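Student: The residues making up each chain are set out below.
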Amino acid sequence: MRRTHIHHFLFAFLISAIVFIAAPAQTQNGNSTAAAKSHASAPLKLTLPMKDGSVKFAVIGDTGSGTEQQREVGDMMIKYHSLFPFEFVLMMGDNLYGGEAPADFEKKFSAPYKALLDQKVKFYATLGNHDQALQVNYTNFNMDGKEYYKFKKGNIAFYSLNSNYMETKQVKWLEDELGRETAEWKVMFFHHPPYSSAKKHGSDGQLREVVEPIFLKYGVNVVLSGHDHVYERIKPQKGIYYFVSGAGGKLRTGDIDGRSGLTEKSYDRDMHFMLFEVAGNEMYFQAISRTGETIDSGVITRK
Amino acid sequence: MMKKKRYVFLWLLVCTLIWGSSVALAQKTQNAALAEPVVVSPADKAAIESFEKQVKGYIALRNKVRENAPKLSKESTPEQIHAYRTALELSLRNARPNAKRGEFFQPTTADFIRRTLKTEFQGKDRQELREQIFETETQGVVVRVNYPYAQSAELSEMPATLLAKLPQLPKELRYRFVGRNMLLVDRESDVIIDFMPDALP
Numbered sequence: 001m002r003r004t005h006i007h008h009f010l011f012a013f014l015i016s017a018i019v020f021i022a023a024p025a026q027t028q029n030g031n032s033t034a035a036a037k038s039h040a041s042a043p044l045k046l047t048l049p050m051k052d053g054s055v056k057f058a059v060i061g062d063t064g065s066g067t068e069q070q071r072e073v074g075d076m077m078i079k080y081h082s083l084f085p086f087e088f089v090l091m092m093g094d095n096l097y098g099g100e101a102p103a104d105f106e107k108k109f110s111a112p113y114k115a116l117l118d119q120k121v122k123f124y125a126t127l128g129n130h131d132q133a134l135q136v137n138y139t140n141f142n143m144d145g146k147e148y149y150k151f152k153k154g155n156i157a158f159y160s161l162n163s164n165y166m167e168t169k170q171v172k173w174l175e176d177e178l179g180r181e182t183a184e185w186k187v188m189f190f191h192h193p194p195y196s197s198a199k200k201h202g203s204d205g206q207l208r209e210v211v212e213p214i215f216l217k218y219g220v221n222v223v224l225s226g227h228d229h230v231y232e233r234i235k236p237q238k239g240i241y242y243f244v245s246g247a248g249g250k251l252r253t254g255d256i257d258g259r260s261g262l263t264e265k266s267y268d269r270d271m272h273f274m275l276f277e278v279a280g281n282e283m284y285f286q287a288i289s290r291t292g293e294t295i296d297s298g299v300i301t302r303k
Numbered sequence: 304m305m306k307k308k309r310y311v312f313l314w315l316l317v318c319t320l321i322w323g324s325s326v327a328l329a330q331k332t333q334n335a336a337l338a339e340p341v342v343v344s345p346a347d348k349a350a351i352e353s354f355e356k357q358v359k360g361y362i363a364l365r366n367k368v369r370e371n372a373p374k375l376s377k378e379s380t381p382e383q384i385h386a387y388r389t390a391l392e393l394s395l396r397n398a399r400p401n402a403k404r405g406e407f408f409q410p411t412t413a414d415f416i417r418r419t420l421k422t423e424f425q426g427k428d429r430q431e432l433r434e435q436i437f438e439t440e441t442q443g444v445v446v447r448v449n450y451p452y453a454q455s456a457e458l459s460e461m462p463a464t465l466l467a468k469l470p471q472l473p474k475e476l477r478y479r480f481v482g483r484n485m486l487l488v489d490r491e492s493d494v495i496i497d498f499m500p501d502a503l504p
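So the protein sequences, as listed, match chains A and B.
Take the first sequence: its letter number 75 is residue 75 in my numbering, and every next letter is one higher.
Just so we're on the same page, my numbering is the position in the second sequence counted from 1, plus 303.
What the hints contain is simulated information worked out from the structure, not anything from laboratory work.
Everything numeric in this text was worked out from a predicted model, so none of it was measured.
Some hints here could point you the wrong way.
Said to hold, decoys possible - Reference excerpt, derived from the structure (chain B facing chain A, CB under 7 angstroms, subset only):
(1) 381
(2) 460
(3) 461
(4) 463
Idealized CB from N, CA, C, for every residue including glycine.
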């Protein structure tokens with residue numbers, strides 16, 4: 001009799017352990033929130049300070065699926081735009097999956113973000129491993145016909161790199177440009193993440209080997225990337241803040257490996273986008289799920 | 304007091320050494336990425352020159368062909384991009400009707416590249432890179448000279464350290480992996496110009 005009870009207890013323990021291990025990673029620091037399949041919207045809540053004269057922008061990554069969920073992220077962005085009128089959007093690559101005919105541009109970009117485009121919000125794209133080279137000529141991606149380029153807004157210099165093909169010419173261009181950079185904030189955005197806890201791809205070590213020394217040498221502050229279809233804020237690495245924002249149109253549920261030791265905060269239960277506000281030496285950020293819940297927020301202070 | 308000063312001095316020395324070695328390491332890695340292609344022998348040099356000559360010939364042909372394609376600005380519509388790509392692809396394929404494998408990757412060039420790849424992919428830390436290339440979703444790609452790379456397929460990430468060691472290409476051309484094959488591809492039209500089978504060790 002006693003043995004049967006022990007068996008029952010062990011069986012229940014085993015089942016609980018399996019359920020616990022198989023469950024998708026929760027956001028770190030105890031803030032587990034939105035459910036992926038819920039379509040109900042949370043009340044809009046802005047954590048950004050909305051300071052006068054600040055630079056306001058949004059970030060989306062791995063968007064070009066043309067799915068209903070991508071459109072829902074676009075819809076949530078326009079709702080937040082009414083509260084926080086961001087001027088432009090950075091795209092982390094994989095802008096168009098599986099084909100680039102005119103109909104694909106419409107279904108996977110122009111239609112989901114129509115309301116933002118109508119309000120003259122500019123999109124700045126970078127190329128991912130699913131993007132063809134000629135996207136650089138697409139007027140709404142504002143890439144100036146180049147695979148790597150930079151632009152300035154206020155006291156911030158934004159650098160878009162082609163991490164899929166980091167040839168010597170590009171590395172030299174990056175060094176030359178950073179060498180004469182006068183902007184206070186230096187923000188990089190490109191597709192492959194130098195640091196990531198996702199199980200599918202994870203940290204891109206060979207890319208990091210090349211770009212990280214340059215970032216350190218020239219005082220880069222923030223690095224934004226996609227590729228892994230999750231949200232992750234990495235613990236600052238050698239003083240640089242890294243974000244993975246690769247779930248604007250595709251999601252890999254439960255892909256975060258909580259044992260990586262890299263994660264400051266993560267979210268892999270629904271798609272998301274990010275908002276940023278830069279005022280002086282402070283950069284505020286807010287990550288928002290497809291259903292409108294705040295999944296992360298904070299401030300980075302430039303030293 | 305003296306003891307305290309000595310302790311502070313030692314602490315500063317340790318910090319300086321750590322900082323110095325990290326800067327040196329960073330510099331070394333960066334230089335490795337920016338290094339010129341490694342030419343190990345006069346024969347390799349001749350092979351690279353022969354490859355570059357072939358590439359120059361292709362670019363001349365391409366420039367001529369491109370004159371007939373519709374113009375493309377940096378503010379193009381999807382329709383203009385599509386028209387340009389289609390016209391360029393067709394013109395390039397028609398301009399090289401007898402294109403064969405090995406025209407660019409001639410035996411001596413191929414030998415140099417194979418050795419470079421073997422060196423680059425040596426070691427445990429490069430295993431991850433190899434796996435990454437093999438994981439690239441390239442279903443639908445027909446690896447055939449003068450055929451376009453399937454638009455729906457993923458592109459393999461080309462390692463920066465490898466690109467620094469391979470013969471340098473003009474902006475119109477790209478190296479690309481499909482499984483163990485290494486391709487030479489026209490950047491804008493995605494036409495496969497040449498390929499080396501089983502190039503990756």
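Student: Evaluate each hint against the coordinates.
Tutor: The hints, checked one at a time:
Because the smallest distance between the Cβ of residue 381 of chain B and any Cβ of chain A comes to about 4 angstroms, under 7 angstroms, the interface hint for this residue holds. With a cut of 7 angstroms, the hint placing residue 460 of chain B at the interface with chain A holds, because the nearest CB-to-CB distance is about 5 angstroms. Taking 7 angstroms as the C-beta contact cut-off toward chain A, the hint placing residue 461 of chain B at the interface holds, the least distance being around 5 angstroms. With its C-beta approaching chain A no nearer than about 4 angstroms, residue 463 of chain B sits inside the 7 angstroms limit, and its interface hint holds.
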